[in-house]
Amino acid sequence: MDKERKPSFVERFLQMDRRIIYTLVALAVAIPLLFPMGLPIKVTPEVRSVYDTIENLPAGSNILMSVDFDPASQPELYPMMKSVMRHVVRKGHKLAITVLWPNGVNLAAQCIEELKLEFPEWTNTVDYVFLGYQVGGAIVIMSVGNSFSETFPKDYYGQSTAGMPIIKEFNKLGEADYMVMFEAGNSGDWWIVYGTEVHDVPVAGGVTAVVAPQYYPYLQAKQLNGIIGGLKGAAEYEKLTEVPALATSAMDSQSMVHALIFVAIVLANIFALMLVAEKRRRAQEGR
Amino acid sequence: MLNLAILLQAESELLPWQQSMADFFFSDGMVTLGTWIAAGLTLFMFSFVYKDNPLFRFGEHLYLGISAGYLMSLYFFNNMKPKFFYPLMPFLDVSGDTTLNLWVLIPGILGLFIIFRLIPGWGWLSRITFAFYIGGFTGITLPKVLNGLLLPQFYATIDRIPYMVTSWDELVLLINALVLFVGALSVLVYFFFSVEHRGFVGGVSRVGIYTLMIAFGASFGYTIMARVSLLIGRMQFLMFDWIGEEIVGRIAVLFHGG
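Going down the list, the sequences are from chains A and B.
Just so you know, we're using the working numbering here: the first sequence kicks off at 2 and counts up by one.
Just so you know, we're using the working numbering here: the second sequence kicks off at 203 and counts up by one.
Just chain A, same shape as in the assembly (with noise of 0.2 Å):
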């Protein structure tokens, strides 16, 4: 009897095929894209202590960076980095960058050349040394407390580091005055744990907004000085540097598809609910 029933709106809604919400997904990306909306971006107080260090040290300050990441976390991360990095140079900082995933020395690279066609001025060995990549994770920090260049003893464009104007001045990380490492792991965890704490050195995470929630504890406790999440983080520091890029024209995308999935989780509940009511009424009409 029950199986001749034809499925009522509401099971029907609930069984619906799960390429129409990939559909709607892609529509609500797809759209704002095309027609920006410009929805306001809220800097957070985490991002805007990453931007008042930078802005704040003295001209020529030693600043780390440490690239953990790879093309998978790319349109998260690579927005923030050439934004943070960008702050740096403007800023006349020197700049040392290291990585430690094997994937991300490309990316780290690419954001170096768009970067030195922004600011030509922008010399290597002097003003900024791409150490490249080591492997060993945490016995690279380990070893960085020591010397960068006996850790790296050539830089990703092959050049003995030893020699470098700037690693004369800079050539470890206890010499380094500030820290920006983005992450879409657990790396940042080593910088702090066999890193930064070790040699008391300021240090913000860049991180994707998967691994967020595990950076935030380090914030309270003050081991880190500020944490730019996700393409959301990098929106903020895109406005506080004043060059808007590919973070904020994905921001409407991303508020839209928030909205098509907090409605549809909002529904999907008051669907399932409706759902139990109908079948308690059906058994008891049965009854």
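Because the hints were derived from the structure by calculation, they are not lab data.
Note that beta-carbon positions come from the ideal geometry of N, C-alpha and C, so glycine has one too.
There's no promise every hint is true.
Calculated Cβ distances over 12 Å to all of chain B for the following chain A residues [said to hold, decoys possible]:
(1) Arg-6
(2) Lys-117
(3) Val-127
(4) Glu-243
(5) Val-244
(6) Glu-286
These stretches of chain B come out as covered by chain A in the derived footprint (C-beta under 8 Å, 3 or more residues) [as the list claims (entries may be wrong)]:
(7) 266-279
(8) 317-330
(9) 349-359
(10) 369-375
Lysine to aspartate or glutamate pairs mimicking DMTMM-like chemistry, simulated, CA-CA at most 25 Å apart [stated by the list, open to error]:
(11) B:Lys-253 with A:Asp-201
(12) A:Lys-117 with B:Asp-299
(13) B:Lys-283 with A:Glu-151
(14) B:Lys-346 with A:Asp-201
(15) A:Lys-223 with B:Glu-372
(16) A:Lys-223 with B:Asp-443
(17) A:Lys-240 with B:Asp-443
(18) A:Lys-223 with B:Asp-361
(19) B:Lys-285 with A:Glu-151
(20) B:Lys-253 with A:Asp-190
(21) A:Lys-7 with A:Asp-201
(22) A:Lys-117 with B:Asp-443
(23) A:Lys-169 with B:Asp-230
(24) B:Lys-283 with A:Asp-178
(25) B:Lys-346 with A:Glu-176
(26) A:Lys-155 with B:Glu-372
(27) A:Lys-117 with B:Asp-225
(28) A:Lys-43 with B:Asp-371
(29) A:Lys-173 with B:Asp-299
(30) A:Lys-223 with A:Asp-178
(31) B:Lys-346 with A:Asp-190
(32) A:Lys-155 with B:Asp-299
(33) B:Lys-346 with A:Glu-286
(34) B:Lys-346 with A:Glu-198
Let chain A serve as the given structure and place chain B on it in line with the hints.
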């Protein structure tokens, strides 16, 4: 052997044929071709949302193969070549920066032992390497983790509780600190299985479950944000790098103008 010899050559400057290859691969035509290949592979991967198909599987296997090959070459040129082969055979390093260092044989042999796991009857040798690695790393790690992770996090759970509340801000701070303190403690009680979770302990443990659920909810929200960001990144690539900013702009104007 010939391939190995070529790989071991240290060239700080590109040879003429290498320069020609580099010029060819970075020419405008090849960059455009690369964009088309990337766009095609992106669409192959997206095709999975409709249903599993051979194009998706092709893209998946291609990615795995290329990643493995790239990582292998990176490990060889960044590590094996300068840190193992050059110290053993300094004449291969044309820059002349490397001197003979036979000590590298020890980590080299230990590394080789791990590969012996593939040979039946010789696998036990790998245990020497793992024992050395685990023992050494544990010794280095333990005090640093205690000082750098456990104790600071422990202090942070209790040191925010203000002694006096004289303003609205301090009251908010007190509430935050108490939520953190009670949350941390109740989750610890939830994971303490030596006492039966009944009565008072059961109640505290239940608060721990709610705290965990809130944490998982926050984590889930962040995960959605991350995944959507990845989709947006690919859409930006397809719309602006592949189709082209100009064409997309014209489409937008077309619709906007009605």
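Okay, the hints, checked on the actual structure:
1. Arg-6: Given a closest Cβ separation of 29 Å, the condition holds.
2. Lys-117: 16 Å, holds
3. Val-127: 19 Å, holds
4. Glu-243: 21 Å, holds
5. Val-244: Holds, since 17 Å exceeds 12 Å.
6. Glu-286: Per Cβ check, Glu-286 (chain A) is outside 12 Å of chain B; nearest 36 Å; holds.
7. 266-279: Holds: 5 residues of the stretch 266-279 of chain B have a Cβ under 8 Å from chain A.
8. 317-330: Since three or more residues must qualify, the claim that chain A covers the stretch 317-330 of chain B is violated, with 0 doing so at under 8 Å.
9. 349-359: holds (count 7)
10. 369-375: It is violated: at least three residues are needed, and the stretch 369-375 of chain B offers just 0 whose Cβ sits closer than 8 Å to chain A.
11. B:Lys-253 with A:Asp-201: Between Lys-253 (chain B) and Asp-201 (chain A) the Cα gap is close to 52 Å, so the pair fails against 25 Å, i.e. violated.
12. A:Lys-117 with B:Asp-299: The hint is violated at about 29 Å.
13. B:Lys-283 with A:Glu-151: Measuring from Cα to Cα gives roughly 16 Å; hence the hint holds.
14. B:Lys-346 with A:Asp-201: Since the Cα atoms of Lys-346 (chain B) and Asp-201 (chain A) sit roughly 13 Å apart, the hinted pair holds (cutoff 25 Å).
15. A:Lys-223 with B:Glu-372: 18 Å, holds
16. A:Lys-223 with B:Asp-443: 41 Å, violated
17. A:Lys-240 with B:Asp-443: 23 Å, holds
18. A:Lys-223 with B:Asp-361: 12 Å, holds
19. B:Lys-285 with A:Glu-151: Status holds; Cα separation ~12 Å.
20. B:Lys-253 with A:Asp-190: 38 Å, violated
21. A:Lys-7 with A:Asp-201: 69 Å, violated
22. A:Lys-117 with B:Asp-443: Holds, because 21 Å separates the two Cα atoms, which is no more than 25 Å.
23. A:Lys-169 with B:Asp-230: Answer violated: Lys-169 (chain A) to Asp-230 (chain B) is near 40 Å, above 25 Å.
24. B:Lys-283 with A:Asp-178: 33 Å, violated
25. B:Lys-346 with A:Glu-176: 20 Å, holds
26. A:Lys-155 with B:Glu-372: 52 Å, violated
27. A:Lys-117 with B:Asp-225: 20 Å, holds
28. A:Lys-43 with B:Asp-371: Between Lys-43 (chain A) and Asp-371 (chain B) the Cα gap is close to 22 Å, so the pair holds against 25 Å.
29. A:Lys-173 with B:Asp-299: At roughly 21 Å apart (the allowed maximum being 25 Å), Asp-299 (chain B) and Lys-173 (chain A) satisfy the hint.
30. A:Lys-223 with A:Asp-178: 16 Å, holds
31. B:Lys-346 with A:Asp-190: With Cα atoms ~11 Å apart, Lys-346 (chain B) and Asp-190 (chain A) stay inside 25 Å; holds.
32. A:Lys-155 with B:Asp-299: Roughly 10 Å between the alpha carbons, so the hint for Lys-155 (chain A) and Asp-299 (chain B) holds.
33. B:Lys-346 with A:Glu-286: The hint is violated at about 67 Å.
34. B:Lys-346 with A:Glu-198: Holds, at about 9 Å.
Against the hints set out earlier in the document, violations occur for numbers 8, 10, 11, 12, 16, 20, 21, 23, 24, 26, 33.
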